[in-house]
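There are 2 protein chains.
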Amino acid sequence: MSGDHIVALSGGVGGAKLVLGLSHAVAPEQLTVVTNTADDFDHFGLRVCPDTDTVLYTLGGLSNTELGWGRANETWTFMKTVAALGGAEWFNLGDGDLALHVLRTEALKSGQSQTEVTAAMARSMGIAAAILPMSDQFIQTRVNTPHGQLAFQEYFVRDRCEPQVTGFEFDGIDSAVINPLLLATLEGPVRAIIIAPSNPYVSVDPILAVPGMRAAIKASGVPVIAVSPIVAGTAIKGPAAKMMDELGVPSTVVGVAEHYRGFIDGLIIDQQDATAAADIESSGMPVWVTQTVMKSLDDRIDLANTALAFADQIAGRSQSL
Amino acid sequence: MSGDHIVALSGGVGGAKLVLGLSHAVAPEQLTVVTNTADDFDHFGLRVCPDTDTVLYTLGGLSNTELGWGRANETWTFMKTVAALGGAEWFNLGDGDLALHVLRTEALKSGQSQTEVTAAMARSMGIAAAILPMSDQFIQTRVNTPHGQLAFQEYFVRDRCEPQVTGFEFDGIDSAVINPLLLATLEGPVRAIIIAPSNPYVSVDPILAVPGMRAAIKASGVPVIAVSPIVAGTAIKGPAAKMMDELGVPSTVVGVAEHYRGFIDGLIIDQQDATAAADIESSGMPVWVTQTVMKSLDDRIDLANTALAFADQIAGRSQSL
Chain A
1 MSGDHIVALS GGVGGAKLVL GLSHAVAPEQ LTVVTNTADD FDHFGLRVCP DTDTVLYTLG
61 GLSNTELGWG RANETWTFMK TVAALGGAEW FNLGDGDLAL HVLRTEALKS GQSQTEVTAA
121 MARSMGIAAA ILPMSDQFIQ TRVNTPHGQL AFQEYFVRDR CEPQVTGFEF DGIDSAVINP
181 LLLATLEGPV RAIIIAPSNP YVSVDPILAV PGMRAAIKAS GVPVIAVSPI VAGTAIKGPA
241 AKMMDELGVP STVVGVAEHY RGFIDGLIID QQDATAAADI ESSGMPVWVT QTVMKSLDDR
301 IDLANTALAF ADQIAGRSQS L
Chain B
1 MSGDHIVALS GGVGGAKLVL GLSHAVAPEQ LTVVTNTADD FDHFGLRVCP DTDTVLYTLG
61 GLSNTELGWG RANETWTFMK TVAALGGAEW FNLGDGDLAL HVLRTEALKS GQSQTEVTAA
121 MARSMGIAAA ILPMSDQFIQ TRVNTPHGQL AFQEYFVRDR CEPQVTGFEF DGIDSAVINP
181 LLLATLEGPV RAIIIAPSNP YVSVDPILAV PGMRAAIKAS GVPVIAVSPI VAGTAIKGPA
241 AKMMDELGVP STVVGVAEHY RGFIDGLIID QQDATAAADI ESSGMPVWVT QTVMKSLDDR
301 IDLANTALAF ADQIAGRSQS L
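Protein chains in written order, with the numbering used here: chain A, 1 to 321; chain B, 1 to 321.
Simulated from the structure, these hints should not be mistaken for laboratory data.
None of the values given here were measured: they were computed from a predicted structure.
Incorrect hints may appear among the rest.
[Said to hold, decoys possible] Some, not all, of what chain A presents toward chain B, calculated at C-beta under 7 Å:
| hint | residue |
| --- | --- |
| 1 | Gly-45 |
| 2 | Phe-78 |
| 3 | Leu-85 |
| 4 | Glu-89 |
| 5 | Asn-92 |
| 6 | Leu-98 |
| 7 | Ala-99 |
| 8 | Val-102 |
| 9 | Thr-105 |
| 10 | Ser-124 |
| 11 | Ala-128 |
Cβ coordinates follow ideal geometry from the N, Cα and C atoms, glycine included.
Looking at chain A on its own, in the form it has when it is part of the complex:
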């Protein structure tokens, strides 16, 4: 059903850039962001939710733009003391960041859902968009390597994405329930569903793997537009290109198109990859070529508007059929 509401699927830093653009391109109340929770993990007994928190910090204007992750004006006294006490140092938790993990862990233990906790934090940050964890159940990405399985953050942070990947599993996904608020949103009038330029394997795939997610998105009947996280054969951020190489998939926009084929209605690729557009279109997938590398806020808003225009064009095309 067509309407004004936008649903975006996002991982962490890369996806959150486009999400910020979308929050400016439409009224923030018209934006629902579905966050990947499969890289959530328990560290020091605290529930840490990197992708959800990155979206919170980004929309709340609290991001650390120097580091490229975490909170602005962060201090690190906790980690220094952890080190002095001989505690695990491989995952950096800023002192301010820690407040989210501590309060969240306490709230979850008291019986609140991840959705409720996230909504309360968003409210206190003055965020009007809805930020919805994909599911309230605890799901954990496991990275398969030739030398065994790694927990995602072990692979991603501790081992700096160095191990070769042979595949992924999402522990707990079979018994996970799609976020009920998202289900209700997808049943209401929606204008477009945007897959942000996040890692297809470990940010977007877990969201799509939640039982009922693909069906609910498809049933909404609105265009699903993905923005390629791969530009000129490399990932702007993170291990997406390296993963594609190791999985034997071309680490190109063509590889991204193949990955999402059958599910998305259009792919946005960067102008640096313009020569690949014809190839992808000839296989039946509409392509929009634009600048997808987002440096400024204007870049983010421009890409958001482009994604919405592309979705509207595809919706119009299918209506005229």
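The hints should help you fit chain B onto chain A, whose structure is shown.
Positioned in the frame of chain A, the structure of chain B alone reads:
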């Protein structure tokens, strides 16, 4: 049995001053500090142990001498973020301090005992003295007031000791087990047992209320010396004098002597209270008058040496009987 080992019973800041003096007056390996754990509490889902941590920070040379509590070089980004998120602000947890609470909570959940956690932290701080929580069980002081019962930290921190007290209860004390390492220490050769100038009602009494504690101390057969936390009718720190007034006990060294009568073998009082010495001695309790107000490290060491000399004198006196 007489020996070189010293056992000190301590609450927080006031007691820790004398404990620091004792750690200089004898070889630190000859010092066992028994800490009050009845003001431990769970905050934000984290186990906070104010007295034990104060002793750790004091002996580890990590105390915040400006604030008079907490850690040196502390930052407060966690609390600022908690406030921004609408979390409870009444109990201040510094960013570095938080590391102890987080690591401790995780270790306790994994099955370690409070004693083991404390020993590991002491080791990492380079502390050679043994710091023993009075019990590994969770005991909580409740403060009775005319308007109902308060958890200790609610009374002490949140309500700034303003409510009138009518008495105290130590939740969990009946099923608590005396720290087995302390029991072993008390069975070995001991030179003296020193009750630091801590609050008699909420710091020392909980220690003495652990089942078997008084008997084990008495069975050691060595002098028990208390240092009065009341000087010239007021407490150097904390609500001891106010509590005595409210409980109808004279808030004087005589009141302290009465409180410990039958258990201690000698009381050290400040020179400002010298005129009370005769009164207390006439009732059969040996008294030593000295400077008990500890401003410098030398003051701490001097008072420690005085307490040990007093204990030795009393031990000699009873041997000569």
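Cross-check of the supplied hints:
no. : hint    : verdict
1   : Gly-45  : holds, 4 Å
2   : Phe-78  : holds, 5 Å
3   : Leu-85  : holds, 5 Å
4   : Glu-89  : violated, 11 Å
5   : Asn-92  : violated, 13 Å
6   : Leu-98  : holds, 5 Å
7   : Ala-99  : holds, 4 Å
8   : Val-102 : holds, 5 Å
9   : Thr-105 : holds, 6 Å
10  : Ser-124 : holds, 5 Å
11  : Ala-128 : violated, 17 Å
Comparing the model with each numbered hint stated earlier shows that hints 4, 5 and 11 do not hold.
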